[in-house]
Amino acid sequence: MSEAAPPPEAASQALRLQAVSAHYQGQSVTKPALADVTLAVQPGERVLIAGPNGAGKSTLLRIAAGLMRPSAGGVWLHGVEPRRARQVIGYLAHATLLYDELTAQENLLFAATLYGVPEPGARVETMLRQVGLSSRADSRVDTLSRGQQQRVALARALVHRPAVLLLDEPDTGLDAAAFDLLEELVRDAESTVLLATHDLQAGARLCQRTVVLTDGRVSHHATSGPLDARDIERHVRGAAASA
Amino acid sequence: MTANRPRYLRQLRALLWKEALVESRSRETVLAAVIFALLILVIFSFAFDLRVDQAAAVAPGVLWVTFSFAGDIALGRTFARERDRRTLDVLLLAPVDRSAIYLAKLAAVVATMLLVEIVAVPASIGLFNLRVDGPRLALSLGLGTLGFAGVGTLLAAVTAHTRAREALLPLLLFPLQVPVILATVKSTAAAIQVPGGEAADAGSWLALLAGFDVLFLGLSVLLFDYAIADD
Amino acid sequence: MLRADSEELERGVTTRALGIGSLLLLVVSTYGTFFLARPDRVQGDAARIVYFHVPMAWVAFLAFFVVFIAGIAYLRTRKAIWDHVGRASAEVGVLFTTLVLVTGSIWGFPIWGTWWSWDPKLTTTLILWFLYLGYLMVRAYAEPPRGPRYAALLGILGFADVPIVYLSSVWWRTLHPAPVIGPLAAQQPSASIVWLLLLSLAAFTLFYAFLVAVRVRIEQVGAGLRSQGEVPSYADAPIGSPAPHGGAARI
Chain P
1 MSEAAPPPEA
11 ASQALRLQAV
21 SAHYQGQSVT
31 KPALADVTLA
41 VQPGERVLIA
51 GPNGAGKSTL
61 LRIAAGLMRP
71 SAGGVWLHGV
81 EPRRARQVIG
91 YLAHATLLYD
101 ELTAQENLLF
111 AATLYGVPEP
121 GARVETMLRQ
131 VGLSSRADSR
141 VDTLSRGQQQ
151 RVALARALVH
161 RPAVLLLDEP
171 DTGLDAAAFD
181 LLEELVRDAE
191 STVLLATHDL
201 QAGARLCQRT
211 VVLTDGRVSH
221 HATSGPLDAR
231 DIERHVRGAA
241 ASA
Chain R
1 MTANRPRYLR
11 QLRALLWKEA
21 LVESRSRETV
31 LAAVIFALLI
41 LVIFSFAFDL
51 RVDQAAAVAP
61 GVLWVTFSFA
71 GDIALGRTFA
81 RERDRRTLDV
91 LLLAPVDRSA
101 IYLAKLAAVV
111 ATMLLVEIVA
121 VPASIGLFNL
131 RVDGPRLALS
141 LGLGTLGFAG
151 VGTLLAAVTA
161 HTRAREALLP
171 LLLFPLQVPV
181 ILATVKSTAA
191 AIQVPGGEAA
201 DAGSWLALLA
211 GFDVLFLGLS
221 VLLFDYAIAD
231 D
Chain W
1 MLRADSEELE
11 RGVTTRALGI
21 GSLLLLVVST
31 YGTFFLARPD
41 RVQGDAARIV
51 YFHVPMAWVA
61 FLAFFVVFIA
71 GIAYLRTRKA
81 IWDHVGRASA
91 EVGVLFTTLV
101 LVTGSIWGFP
111 IWGTWWSWDP
121 KLTTTLILWF
131 LYLGYLMVRA
141 YAEPPRGPRY
151 AALLGILGFA
161 DVPIVYLSSV
171 WWRTLHPAPV
181 IGPLAAQQPS
191 ASIVWLLLLS
201 LAAFTLFYAF
211 LVAVRVRIEQ
221 VGAGLRSQGE
231 VPSYADAPIG
241 SPAPHGGAAR
251 I
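Residue numbers (my numbering), protein chains in the order written: chain P, 1 to 243; chain R, 1 to 231; chain W, 1 to 251.
Derived by calculation from the structure, the hints in this document are not laboratory data.
Keep in mind the model is a prediction, meaning the values are calculated, not measured.
Glycine included, each C-beta is placed from N, C-alpha and C at the ideal position.
Any given hint could turn out to be false.
Said to hold, decoys possible - Residues on chain R that point at chain P, a partial pick, calculated with CB under 7 Å: (1) Arg7; (2) Leu9; (3) Lys18; (4) Ala20; (5) Val22; (6) Ser26; (7) Arg86; (8) Asp89; (9) Ala94; (10) Val96; (11) Ser99; (12) Ala111; (13) Arg165.
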């Protein structure tokens with residue numbers, strides 16, 4: 001894969017996708033998962049990625065996180081490709097990415113050490129308090145409920161104070177209160193956020209603009225004004241119907 | 001290796017700590033591997049009906065086949081577990097040099113195999129009534145284990161993402177391991193037989209083993225990124 | 001579009017030329033093997049197999065060397081063509097390795113008195129056969145986007161292993177009494193033998209290039225169809241749906 005040079009303005013952008021394409025490869029067919037997606041996100045901006053199932057939301061976030069290579073196009077975070085920008089990426093998906101055998105605290109400590117967080121012990125304690133799990137710090141993750149696990153996962157994604165947060169349906173398994181907590185933490189983190197979710201109400205509350213994906217293409221791009229969940233819903237439904 | 005060595009070492013230590021903790025709490029791998037190894041030894045001793053005069057001739061092969069099978073179990077678990085629980089993404093997302101992930105996994109597999117050997121070697125000495133040259137045996141088993149686990153860790157990362165991975169791993173591993181198997185069996189034989197005569201032979205086999213280890217550990221570190229990357 | 005068509009044409013012509021050339025040379029060398037070469041003084045007619053066996057062994061090693069090079073090239077460039085070349089070459093290599101083992105056994109039985117011996121060359125060839133069968137299995141079983149990458153990696157590892165396997169089997173062998181003596185020594189190869197052998201080598205090498213070219217072409221067409229979703233997949237079709245080619249069966 002040839003690494004194209006980033007466009008000059010990418011250095012000042014938190015995230016830049018330039019004509020990104022990706023393929024889903026099955027045993028017998030290769031389908032496009034993303035086709036020619038270009039997106040620029042300014043530092044501190046929160047962007048909602050909406051779209052029907054299979055529209056390419058997860059693929060887009062995985063590519064931004066450097067977990068997947070696009071088959072064409074370029075990706076930069078603050079002007080650097082994802083592989084060199086791991087330090088600034090926080091990624092949270094519906095899978096919790098936690099080790100069942102470790103306690104909540106150990107999971108966070110492991111992540112904090114890998115990211116080179118200064119004073120990891122204190123930072124982990126703070127994070128556990130923030131997600132309301134101080135009392136379960138020494139419980140093995142597999143003894144926690146799904147919602148509690150997802151809160152540990154959120155703490156893990158935030159432990160190194162990432163500048164760019166990539167949230168792929170982070171609300172899986174969270175009740176309303178927990179989602180409010182997520183919203184609050186994400187707001188407080190002052191990171192750039194890319195959020196993919198089906199909860200358009202919550203998404204519209206948190207984000208400043210919306211990108212609707214259909215069949216791997218940007219089908220709608222709302223850039224200004226407060227987001228209206230019903231409006232987004234209409235676009236997503238329209239997208240699903242045309243798909 | 002990164003320019004930032006203290007950071008690299010801290011990360012490596014965290015990875016090793018995680019491996020040890022997960023294994024010590026789940027006991028999924030070590031226990032199974034040790035018991036499996038003992039079982040194989042017992043079956044071999046039934047199958048060959050080993051009397052003392054044959055034992056020295058057959059024991060090196062028996063030992064290394066046993067360790068290879070146990071190693072295959074350890075290797076099969078190491079990445080499969082991370083993949084099944086999606087925790088591999090944690091490692092891939094973190095700003096960690098891929099070689100650190102490889103080295104931590106390698107260390108975990110080597111430690112498991114060494115534990116198996118620590119149990120199985122005395123057991124087989126008792127079972128087959130052997131006399132061994134301890135240090136030389138340790139050296140050849142150590143080098144053999146390192147070579148086996150070195151390529152094995154790379155291949156385990158590959159087969160974790162294939163269908164039929166338990167079947168595929170030994171199919172890839174054992175042909176590559178033929179030199180290691182030959183060299184380890186030969187140098188183990190020199191350590192088991194009555195001292196004298198064969199020392200020079202064992203030396204060149206050990207050199208071959210060491211050469212294999214260096215070549216394949218180097219290649220594995222270089223190629224590991226391609227084995228583990230998720231694209 | 002025009003350019004693509006002329007490239008297509010050119011490639012077709014090259015492939016055909018390779019096919020016709022190798023066919024002609026194979027005919028000549030086969031004729032030479034059976035009608036021009038004289039029976040060996042010691043081995044009799046059995047020696048004629050050398051004109052097949054040696055070129056096949058050469059092609060097998062050449063094929064695996066190409067897999068190795070294609071693997072490196074693929075990991076560096078990620079161009080699909082290198083993956084196709086590696087796969088094609090590995091398949092042809094395994095085919096020829098199988099033939100080498102079979103022809104070797106056919107020769108070995110009358111001459112050595114056994115179908116098999118643990119001679120270093122035989123051992124190495126057998127291990128190679130296993131290694132590249134594994135390579136082909138990984139290609140078949142890897143989760144879809146990873147196959148080419150894993151295959152490239154194995155192609156590199158496998159080839160790096162060859163000299164070490166050979167060395168270790170040489171040393172291993174020298175510590176064992178040879179089970180049977182191979183009497184290939186003490187005969188002066190005549191000039192005609194050398195020429196015929198070179199001719200066979202050329203014929204088989206061309207044949208190898210032809211097979212790889214055809215196989216690569218098939219891979220490319222297949223990849224193109226897959227990306228257009230045109231490969232009929234019977235497994236995916238719900239039961240009772242029309243056959244993928246459109247003509248619903250009616251009785």
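(message) Using the nearest Cβ pair, does R/Lys18 come within less than 7 Å of chain P?
(response) 5 Å, holds
(message) Interface hint check: R/Leu9, Cβ to nearest Cβ on chain P, cutoff 7 Å. Holds or violated?
(response) With Cβ-Cβ at 11 Å, over 7 Å, it is violated.
(message) Given R/Arg165 as an interface hint, is its Cβ closer than 7 Å to any Cβ of chain P?
(response) 17 Å, violated
(message) So, as I understand it, the hint says R/Asp89 touches chain P; can you test that by seeing if any CB pair is closer than 7 Å?
(response) 5 Å, holds
(request) Double-check R/Arg7 for me: the hint is only fine if its C-beta lies closer than 7 Å to a C-beta in chain P. (result) 6 Å, holds
(message) Does R/Val22 hold up as a contact with chain P if the rule is Cβ-Cβ below 7 Å?
(response) Interface hint status for R/Val22: holds (5 Å vs cutoff 7 Å).
(message) Let's test the interface hint: is any C-beta of chain P closer than 7 Å to that of R/Ala111?
(response) Result: violated, 17 Å to nearest chain P Cβ.
(request) Using 7 Å as the Cβ threshold, decide whether R/Ala94 counts as touching chain P. (result) 4 Å, holds
(message) Tell me if the interface restraint on R/Ala20 is satisfied: Cβ within less than 7 Å of some Cβ in chain P.
(response) It is violated, given that the least Cβ distance between R/Ala20 and chain P is near 11 Å, above 7 Å.
(message) Does R/Val96 hold up as a contact with chain P if the rule is Cβ-Cβ below 7 Å?
(response) 6 Å, holds
(request) So, R/Ser99 near chain P? Judge it on the closest CB pair being under 7 Å. (result) 14 Å, violated
(message) For the restraint on R/Arg86, tell me whether the closest CB of chain P is nearer than 7 Å.
(response) Interface hint status for R/Arg86: holds (4 Å vs cutoff 7 Å).
Against the hints set out earlier in the document, violations occur for numbers 2, 4, 11, 12, 13.
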